[in-house]
Amino acid sequence: MLQEIPPNYSYILSAIIFTIGAVGAITRRNAIVIFMSIELMLNAVNLLFIASGNAFASMDGTVFVFFVMTVAAVEAAVGLAIFVMVHRLKGSVNADEVNLLKG
Amino acid sequence: MVVMIPEMNFGWLIPEITIAVFAVITLLLSLLWKKGGLKPFLGVLPLIGAVVALYYTFHLWNGNLDLFNRLYTIDNFGTFFKAVSLIILILVILLSFRYVDREDIVVGEYYALLLFGTLGMMILVSSNNFITMFIGLEMMSISIYILCGLLAGNLKSVEASLKYFLLGAFATAFLLYGIALIYATTGTIDIREVATYVKGGGFLVTPTFMAGLALLIVGFGFKTASVPFHMWTPDVYEGAPTSITAYMATGVKAAAFGAFLRVLFTAFHPFFSGWTIMLWILAVATMTLGNITALKQDDVKRMLAYSSIAHAGYILIALAVGDRTLSSTVLYYLLVYSFMTIGAFAVVIIIGRKDSPNTGIESYAGLAGRHPVVAAVMAVFLFSLAGVPPLAGFMGKFYILTDAIRAGYYWLAIIGVLNSVVAAYYYLRVVMYMYFKEAQTDIGLPDFSVGSAVAIAISVWAVFHLGIFPRTFLMIAYKSSQIFM
Numbered sequence: 001m002l003q004e005i006p007p008n009y010s011y012i013l014s015a016i017i018f019t020i021g022a023v024g025a026i027t028r029r030n031a032i033v034i035f036m037s038i039e040l041m042l043n044a045v046n047l048l049f050i051a052s053g054n055a056f057a058s059m060d061g062t063v064f065v066f067f068v069m070t071v072a073a074v075e076a077a078v079g080l081a082i083f084v085m086v087h088r089l090k091g092s093v094n095a096d097e098v099n100l101l102k103g
Numbered sequence: 001m002v003v004m005i006p007e008m009n010f011g012w013l014i015p016e017i018t019i020a021v022f023a024v025i026t027l028l029l030s031l032l033w034k035k036g037g038l039k040p041f042l043g044v045l046p047l048i049g050a051v052v053a054l055y056y057t058f059h060l061w062n063g064n065l066d067l068f069n070r071l072y073t074i075d076n077f078g079t080f081f082k083a084v085s086l087i088i089l090i091l092v093i094l095l096s097f098r099y100v101d102r103e104d105i106v107v108g109e110y111y112a113l114l115l116f117g118t119l120g121m122m123i124l125v126s127s128n129n130f131i132t133m134f135i136g137l138e139m140m141s142i143s144i145y146i147l148c149g150l151l152a153g154n155l156k157s158v159e160a161s162l163k164y165f166l167l168g169a170f171a172t173a174f175l176l177y178g179i180a181l182i183y184a185t186t187g188t189i190d191i192r193e194v195a196t197y198v199k200g201g202g203f204l205v206t207p208t209f210m211a212g213l214a215l216l217i218v219g220f221g222f223k224t225a226s227v228p229f230h231m232w233t234p235d236v237y238e239g240a241p242t243s244i245t246a247y248m249a250t251g252v253k254a255a256a257f258g259a260f261l262r263v264l265f266t267a268f269h270p271f272f273s274g275w276t277i278m279l280w281i282l283a284v285a286t287m288t289l290g291n292i293t294a295l296k297q298d299d300v301k302r303m304l305a306y307s308s309i310a311h312a313g314y315i316l317i318a319l320a321v322g323d324r325t326l327s328s329t330v331l332y333y334l335l336v337y338s339f340m341t342i343g344a345f346a347v348v349i350i351i352g353r354k355d356s357p358n359t360g361i362e363s364y365a366g367l368a369g370r371h372p373v374v375a376a377v378m379a380v381f382l383f384s385l386a387g388v389p390p391l392a393g394f395m396g397k398f399y400i401l402t403d404a405i406r407a408g409y410y411w412l413a414i415i416g417v418l419n420s421v422v423a424a425y426y427y428l429r430v431v432m433y434m435y436f437k438e439a440q441t442d443i444g445l446p447d448f449s450v451g452s453a454v455a456i457a458i459s460v461w462a463v464f465h466l467g468i469f470p471r472t473f474l475m476i477a478y479k480s481s482q483i484f485m
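Same order as they appear, the protein sequences are chains A and B.
Under my numbering, the first residue of the first sequence is numbered 1, with each subsequent residue one higher.
Under my numbering, the first residue of the second sequence is numbered 1, with each subsequent residue one higher.
Don't read these hints as lab results, they were simulated from the structure.
Beta carbons are placed, not taken as given, at the ideal position from N, Cα and C, and that holds for glycine.
Please note: incorrect hints may appear among the correct ones.
[Claimed, not checked] Subject to a maximum C-alpha distance of 30 Å in a straight line, what follows is the list of computed DSBU-like cross-link-like pairs (lysine-lysine):
#: 1; chain 1: B; residue 1: Lys-479; chain 2: B; residue 2: Lys-199
#: 2; chain 1: B; residue 1: Lys-437; chain 2: B; residue 2: Lys-296
#: 3; chain 1: B; residue 1: Lys-354; chain 2: B; residue 2: Lys-437
#: 4; chain 1: B; residue 1: Lys-296; chain 2: B; residue 2: Lys-354
#: 5; chain 1: B; residue 1: Lys-354; chain 2: A; residue 2: Lys-90
#: 6; chain 1: A; residue 1: Lys-90; chain 2: B; residue 2: Lys-156
[Stated by the list, open to error] On the chain A side, residues computed to face chain B include the following (Cβ under 10 Å):
#: 7; residue: Ala-15
#: 8; residue: Phe-35
#: 9; residue: Ser-37
#: 10; residue: Ile-38
#: 11; residue: Met-41
#: 12; residue: Val-45
#: 13; residue: Leu-47
#: 14; residue: Gly-53
#: 15; residue: Val-68
#: 16; residue: Thr-70
#: 17; residue: Val-86
#: 18; residue: Lys-90
Here chain B stands alone, though its shape is the one from the complex (with noise of 0.2 Å):
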């Protein structure tokens, strides 16, 4: 037998590897500064190996190739969602400054985790192979699961631990039968080689191929917290640490939503009659139900984790509709919904203190009067979620909606759009007491600091140039999604 070894070319792998080696990096120097009073500064280390990993990542852009025995791939569609993880990097990482002194979280397993876990989810998002898209999920997946319950000694964010690792580990299980499944009926683990094969004549709609793509689209939509796998977001993202809730609903939910476009597009696309009305049920239970829970909170955190279900629905429409020539609206979506959840998260954590986390809505009455800035921006991210013109969300609903009619899915579009209509009432609830409600307790000022500042004022950019000048961006995640042509 004739082993061959594969052409081992790492160049293209240098954003990986410098994440992969600042996280290691930061593990160690976290040992060594502990007595020092060098703490505060550990967290430029990772911002510094984030930078670098994003200029290296644009310098990959339009190169298409495989490496290591086609187990990994460099496209545009996997290089466009590295660098949207790196920014939501970037940004969590800004964010987490003042926050981790604040609630006295260990630092260097914070930074060094979450470099960890952003390393997965570039490893999800660029393999067309079931084996290193595994490890990539796994690789994002146990990062989450310790950062959640990082708060030591609050059981809230304990308990949230337990919730994800429980339910996540179970939903694991479920994808990995979904794979197996498909590998009992095709005999590969190649993305590629299974839309082959379901292309290639003689093919049977067995048993087991249906179950094997069911359990692997409850598989992910346990990961981008589809309705009904959605029962573990709100305490999830309400339990565990501010920043980190920032990051699992846009990062996770990026990442997650870039391998489930790619198997479904790649794979499975041949089969399309086969699951699109699966995603249409989907989509129309994710959008109503998160939508419709959300009307009743009264914690703004909650509220944001009800609110990521909710436009989880809306990408799912575009997925339902499977149109491969359409999906990069899908990209935009992702996009653009990163930068309006991070910057409204942001507010949530500098609006917080130590011992009160303040995120009950009657803590905003009275903002506007207080701090208008703050309240300004919260204004502008919470416009932007409920898809007001000219801000970026109102573009990314109006691309969806459109594709939509497009593909002649009426009753698709007026769904999504009777639910953005009462969408507007519980992010405009959150305004309203803001600028029109007098404040019942004293709260004292925003707790601002250099990090937080800069990743609002990155978010807001984000928010009006993308709404505004989207070209540019539709142009680049058109691009991305050539590979499914």
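If we strip away everything but chain A, and leave its shape as in the complex, we get (with noise of 0.2 Å):
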């Protein structure tokens, strides 16, 4: 028989995900990689979400996943098309070289 996995250990799973996710965003240079890192993070929300609404028994945190993924879809394409436009004006997404305006 399958045993069940204990909420603590999906807890501590999604954690260890977002703060690779974090660690990664602020880390990385290039552009689609800080991104990348950023879906880790949203992903790790939805991890959260699903393993908290199980414990609780509750449908709440399942349809917030939903919802997290369709904005996760949108700001994709949202920034892959931004990225795109950069690219095209300066020929490279790297964080680095984007220092027109100063910080």
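These two chains come separately, so use the hints to put the complex back together.
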């Protein structure tokens, strides 16, 4: 018989994934890799929603995941369009070279 | 399992539906009218939509009910912020007529995205549920990401878009993780049920709950451009088209503060002692850093960006004080701030030209001699931003600082007053340039148009009216914040 995974395990896994994503988003220089790290963070959110929804036996968390996924897809579409636009003008999407505006 | 079909009462959603329908029509007509000479008239359509939606929003006043299984809420608080977003939208559209034409911005997408962004704001401020709130927030943010980059071929604008997109998506992830952690602790995504949970017995301040609250504050702090989550603000505000900068500095800020206020004062108010200190620090850092960095800016657009950070700090004072009976001052302040900021950006727009935005402070030298009216209205907006009586900016600051003193936050009030003294320097510097300096180069007369003249006139009137007769608006703001009682 399959043993149910204790919710705590999922919580810890989601925290680890979220941290990896956050660190990646801060340290990486390529805009596409930064965006991939952000997607990783969103997936950590999804995992947490699913796990806690399961623990509370409530549908709210599961429903939320659908919205997070949809919005992540929209963000990907818009983000890639912006990357293409930057690439056309600059020839790269490296965050280090995007420096016309002083921080 | 019995599935309950919620009552479908779309009558309460007329403002939102109007905006959505007009956005789609604008997008479609822009395709049909591409070749014809009707393009300049395309802006009239969203303007009509915004005015109609504003008219119906006034009818929502004093309506209090939940729609669609408590996913959407109609109350005075939401109605107030809806009206503010729509007023901002109307002013921005009026400013855009000439500007869009001058800068060769793709008209259809521009207006459609403005409308969709406003729709997002309206959803954001009228939901008591994290799902709807999140959808509204994203609808607003994604529209703005695109709008920032609409100056095609302009590297600065595209860079601003990229920066705002990456940092915005990053902040959204934080906000979502905050919501997820709160859900993991309380088991609900309805913010009023979170409040019941916090009030109820057996509530322990678990690390998950605290982390969730902190991440939520990070997410909203980013959207409202509070220090230390403000790094994107000056760059994005400088690179984006000026009309969009005005829209971001007012609309996005007002809507984000609306949602922030609702979440903090509804869901987490019983747990007030846990977050007041966080917001105290945030408010002081935001005011001080915003004002001090603004001092050394020579670019008026960038200076106004830092000034908008500083104003977020003043608003955070009221949030840190956390007195729910006094939260109406925030609403009043946001209204006042929107008018004076849009006015100042309107002047920046009409001073600019296609290939030279003329945002440097030296472009303002001798403006009073060349065009006394423009110089005078700019001076009114700058004095109001600095907080000089009898203008509206003074009343806004006065009420916020009075609240802080009344609640016993003396240090916060003192820091606020000191900050507005510092702020006076950089606002008055522009006035000094306009009136007492000789122009180095001739940049010609301001690029006036009927739309911008109307927008500036409305803003000037509002700055005087709200400053001299604040009572009516304070009463409206007071009634709006009654939902927290």
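Here's how the hints hold up against the structure:
1. Our distance criterion of 30 Å between C-alpha atoms is met by B/Lys-479 and B/Lys-199, whose separation comes to about 25 Å.
2. Taking the CA atoms of B/Lys-437 and B/Lys-296, the gap is about 18 Å. The hint holds against a cut of 30 Å.
3. Restraint check for B/Lys-354 and B/Lys-437: the C-alpha separation of about 25 Å stays at or below 30 Å, so the hint holds.
4. The suggested pairing of B/Lys-296 with B/Lys-354 holds, with an alpha-carbon distance near 26 Å, which does not exceed 30 Å.
5. With a C-alpha separation of about 22 Å, the suggested pairing of B/Lys-354 with A/Lys-90 holds against the 30 Å cut-off.
6. Our distance criterion of 30 Å between C-alpha atoms is met by A/Lys-90 and B/Lys-156, whose separation comes to about 11 Å.
7. For A/Ala-15, the interface hint holds, the least distance from its beta-carbon to any beta-carbon of chain B being 9 Å, beneath 10 Å.
8. For A/Phe-35, the shortest C-beta to C-beta distance to chain B is roughly 7 Å, which falls under 10 Å, so the interface hint holds.
9. For the restraint placing A/Ser-37 at the interface with chain B, the shortest Cβ-Cβ distance is roughly 9 Å, inside the 10 Å limit, so the hint holds.
10. The restraint placing A/Ile-38 at the interface with chain B holds, with a minimum CB-CB distance near 5 Å, inside the 10 Å limit.
11. Given the 10 Å rule on beta carbons, the hint for A/Met-41 holds: about 4 Å separates it from the nearest Cβ of chain B.
12. Interface restraint check: A/Val-45 against chain B, minimum CB-CB distance 4 Å, threshold 10 Å, status holds.
13. Annotation: A/Leu-47 was flagged as interfacial toward chain B, and the flag holds, the nearest CB pair being 9 Å apart, inside 10 Å.
14. Annotation: interface hint on A/Gly-53 holds; nearest CB of chain B at approximately 8 Å, less than 10 Å.
15. Taken as an interface hint, A/Val-68 checks out: its beta carbon lies about 6 Å from the nearest beta carbon of chain B, inside 10 Å.
16. With its C-beta approaching chain B no nearer than about 9 Å, A/Thr-70 sits inside the 10 Å limit, and its interface hint holds.
17. For A/Val-86, the interface hint holds, since its Cβ comes within 10 Å of a Cβ in chain B; the closest pair sits about 5 Å apart.
18. For A/Lys-90, the suggested interface contact is upheld, since its CB lies about 7 Å from the closest CB of chain B, less than 10 Å.
Of the numbered hints stated above, none is contradicted by the structure.
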